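Undergrad: The two chains are supplied separately, each in an independent frame; assemble them into the complex guided by the hints.
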Amino acid sequence: MRPLPRGGALLAGAALLAPLLLGACATQKVVTPPVVISPKSVPEANFELATFEVVENPEEDTVSFVKVFVDGEAAGQTQAGPKSSEKRWQSRLTAGNRLVRLEAWAVSPSGEAQLAAGDIQPRERFVRVEEGQRTKVSLKFYDKGRKNSLQVAREPMP
Amino acid sequence: MKRGLAIALAFSLCACGKTREKEPNDHFTNATAVKPGRTILGTMASAKDIDVYRVDVGQDLGILSFHLGGIRDVDFVISFQDKDRQELKRFDETATGGDEDGVDLGVARGLYYLALSNKNPKADNPAQEYGLQLMLSSSQGREAEPDDTALTASTMTVGGVTRGHFFPSRNLLSSTTDQLEEDWYRINVDKEGLFSLNVDVSEVPGVDGVMEVYDTANFYKIKDVDSSGPGEPEILRNFGVRGPVQYLLRLRSKTRAASASVPYEILTELLPYAGTTEFEPNDQRLDATPFNQDSITGTISPAGDQDWYRIAVATEPKQLLTLSLAAVQGMDLVLTVMDDLGNPVVVSDNAGKEQPETMTGLGVSSGTWYAVVGEKSRRASDSRRSYTLAKSLTSWQPGLEFELNNTTAAAQAIKVGESADGYIAPKGDADWFEFNVYKSADITLDVTGVLNVKLALTLFDQEYKELLAVAGAKQGEPVSFQRTLEAGTYSARLQAADAGQNNVRDKYTLRLRAR
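Protein chains in written order, with our numbering: chain P, -6 to 151; chain G, 26 to 540.
Bound-form chain G, shown alone (with noise of 0.2 Å):
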């Protein structure tokens, strides 16, 4: 009895785990038998040695991962072959006496082939046995190897979680010199509608990430977020998508490194687009963000990003619009509002790093505006921090300043009696206002101080030939002058001494009168 137990338990522990390879199985026709789940053993017996194994996928879909412990003396290479010896994906990561890796391969039903050799010619231990472990695991939400081209890409569920690795380091398979091992997912959106498409790539340590999207039209890159830096995420945030529609995902890893041990994990977010956010990609004016609300939100990624908004002014009577940026922790934020041909008509750039701008009325009539969203340095960017641009359109009103009045030909027109209220800013602005005397008077023009900034005030004839100048004694004084004028046309400059100095809060009041 005890005989017969023991016989019975040595057969179930051959049984389970180990296989040994049956030589020769140096070619395809008579690879040794693998089934996922067991660990094979084998052995080099020459440099020049081949072990070929036949794996045998017994369900729809699966991914197939091994791991290969190193030898003495053996170089491996492994090349993970279909039924027909097409090569998938070849590992070799390390050196003699180096495990090999080989994760996230793709299989279906049917069989596939591993074929070890050796990179070492002067190997020789045929006697140490090698272990070679092989796992099969589910394909939902699981990176499938090889997915290293756009007609070869994974496919991705939006709304839920994708894994995969930085792995290997290299494609060797890729006919290109640097062989860039890179990952392809195709993005289906199947959904009606605009939406919001928020993709996060957690962090792998030491690999420096970067994420690519791409139309499927004409494999054209739309996108690319490389804002941070190794073992940090990438996102990206407000991706417009208007579905059905199809994307592909890219994402490699800037350098050589590459993790097998630790996955990388992409999540999405499909959301219905409310108007508040902006619609990636709006980096040009043809592709410019409508702006119908009060206010929305955008991020600047990757470095270098612009950010355009369309404005509509619809009603033909003058309005003054108001806009006002936020400011961002670590980005000195520019904002540009541009005609509808995409000129640039004011720069807001008055602030300094981690600000907010302004662009106090500039004056608009029925017609497209856009503004724009930059960072100065064009090299800061951060899909996990956004900005909040507001607008405001408000009538006109006689008395406000109607921006642009820089130029001789725009200058605003005042009556003596009357006055503006207006504002110095953005950086270098200047104001022109031009006014009759129809006899000669005693004419006295005041402007009252305005924080931070010191005042110039300059009359001209009707030939602006310079009449007299005067500034403020210094920042925040009020500037005027009095003179007799004969009857005829004149204009008035008003600026800040310092070009550097402006002010979007406080407005000045410029009184023109007579006596």
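With the rest of the complex left out, here is chain P (with noise of 0.2 Å):
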């Protein structure tokens, strides 16, 4: 083998040296923020659920995300999000008094999701669905989370 050049063995000095270079200075972490996926559009959706929640600072501001139950069974939930984000859920539902409970979730920094305390959660109620109609409920959570209201409003379908 030959040997290097003297200008070639600093080159390949540096060569060696860089990876442990720029290793010592990747010491600050890089946090990145959630990816916020759109929600699935459903064609002819006649039930909307649209949520958010109030915080008062970023650090609260972490991932959340709402699962829809429509008659003692999941149909769904919102895509996970930051809390202040709005996170929607869409489905065509059948007409009638559908009863609704819907449970907020958290999910960790290491992307575990955890159910949120029982007296937190929001109070399943029946929503009449019409023919016709776009059944459109905002759940927005505040005070910390807890609180939540929750508002039923219909419009004609598009």
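Since the hints were made in silico from the structure, they are not lab data.
Computed from a prediction, not measured in an experiment: that's the story for all the values here.
Where a beta carbon is used, it is the ideal one built from N, C-alpha and C, also for glycine.
Nothing false has been slipped in among the hints.
Chain G stretches covered by chain P per the calculated footprint, using a threshold of three residues with CB under 8 Å from any CB of chain P: (1) 453 to 467; (2) 503 to 516.
Derived lysine-lysine pairs resembling DSS-like cross-links, with alpha carbons at most 25 Å apart: (3) G:Lys378 to G:Lys479; (4) P:Lys76 to G:Lys343; (5) G:Lys114 to G:Lys60; (6) G:Lys343 to P:Lys133; (7) G:Lys440 to P:Lys60; (8) G:Lys490 to P:Lys133; (9) G:Lys416 to G:Lys378; (10) P:Lys129 to G:Lys490; (11) P:Lys137 to G:Lys343; (12) G:Lys440 to P:Lys140; (13) G:Lys440 to G:Lys532; (14) G:Lys440 to P:Lys133; (15) G:Lys343 to P:Lys140.
TA: Structure follows, in structure tokens:
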């Protein structure tokens, strides 16, 4: 093996040392904000849930989502996203007075989903779904998630 | 021998008590020397005559006062000056022929001047003698004029008695148009810690006194006390002090009423703060007194006083906060509970004058709340009578009302088969309950009667459309309905038929059943 010329030896050394140096500089963690996935659009959806939370500071704006149960059965869930962002779920439900239960979930930094405490969960209630009308349910969490308010509105289907 | 005794007696009589002016003495350079404790005799040779006396104070500190007897035709004005002829105080309380007095003049070792002049251009009484008496006393516990500004405040010893006068009626050296006479005192608290300062200013007949407290950093007025009328004392209670600190006290007469003969006495008391009294000033959210114990006392003074108390709820599980405010003679107290931003949440004004107020269980979880005590008319005040505000924090249990449930958005959940105990209080209270019916059933909802309240119960469907309304036959009567309901979510609103009715003592029981 031919020995490297002097300049080449220097370059080789630098090439060996570079990864070490780069590794040493990489002391700061890069925090990637969670990816907000747009909700799946359901054609001719006649039921829409929109939910968000009022947060007081950025540290509280962690990831959450809401599961939807209709008439006792799991119907789907909103996308996961920061608490302050609006998360949606759409579906086409049979007309009638449907028992709707919304379940608040939090996502830990490790990505694990955790059910929120029972005393802050929204109450299940009946929501009327009518023919030719889109029922819009708006769920807002506030007071550090301890309270919530639910509003139901209807508009003609487009 | 007898002649010798007579001469000696004559000399001794001349030596004590009286001095005569030595004209000309119309300038400080030829002022007549006088000593305190003596009477000076002089005359006003003409309307323009000025008599200047030089007072030599032979002690470190003292209080000089004088009395000048009036003479016919002459309207005396007396100017009190320091050794550099800087005028310190001017007295002109009476008209032609009247006596003049000067009190509370603070002096130190050295020279002072008293210049007597006449205001009446027509005065013509060169023969009649006036008598000017000078007295010097100890400065201990005494006002020391001039103390008419914050910068010249007299020193006050906390824990003792300080005597002064609402006198003269006007500060003739003031450049302001009203020439208000006021007395300023500097209060020094040397000790470290939290204290309650009580200040009592005794009454002076005919004088309506006002007392104000200022900080020394910006001369901001922190407190004013004017609870009483003429001839009555002024009292400051529970003024919170964080030592070491200095404050300024300003005393004045509301009108021009004054008294040279009757002094006021300022009695101060400094007590370690135990957390059982308000810590004034607590007139706004930022200065709220921490309310950590079971009860706390305070006073409404001056008129319009609002006392803020901070209640910290530390634990997360739901709790019920109850507040009771004892009655105070002559006052209609109002109790308001505010959230942590100072927004009113509950106003308890259920009772009238001289009656207690109670805020029944407000549902709270960890956070900060404020209780504010005030007087409804904002005109009553009395620093002598204190109120007691008591609080209790108990764990909320299912089956108890969790206020605020006054709106559809805050309706309290109840299940068929359950019951809830609550209050129709304060005035105007409305309690909302929400329940689900999972399959068609005969639903009965009944509510026990409450003394003094005629109950009104309304049922709404899940779109808040009114389905039925029932009311008790009369006050104290129960109310109920029975109806077949299809599966759905329903709300019931319970309130008094008359918004003025309420009962903070007796709970109702609401029971929801299905057949």
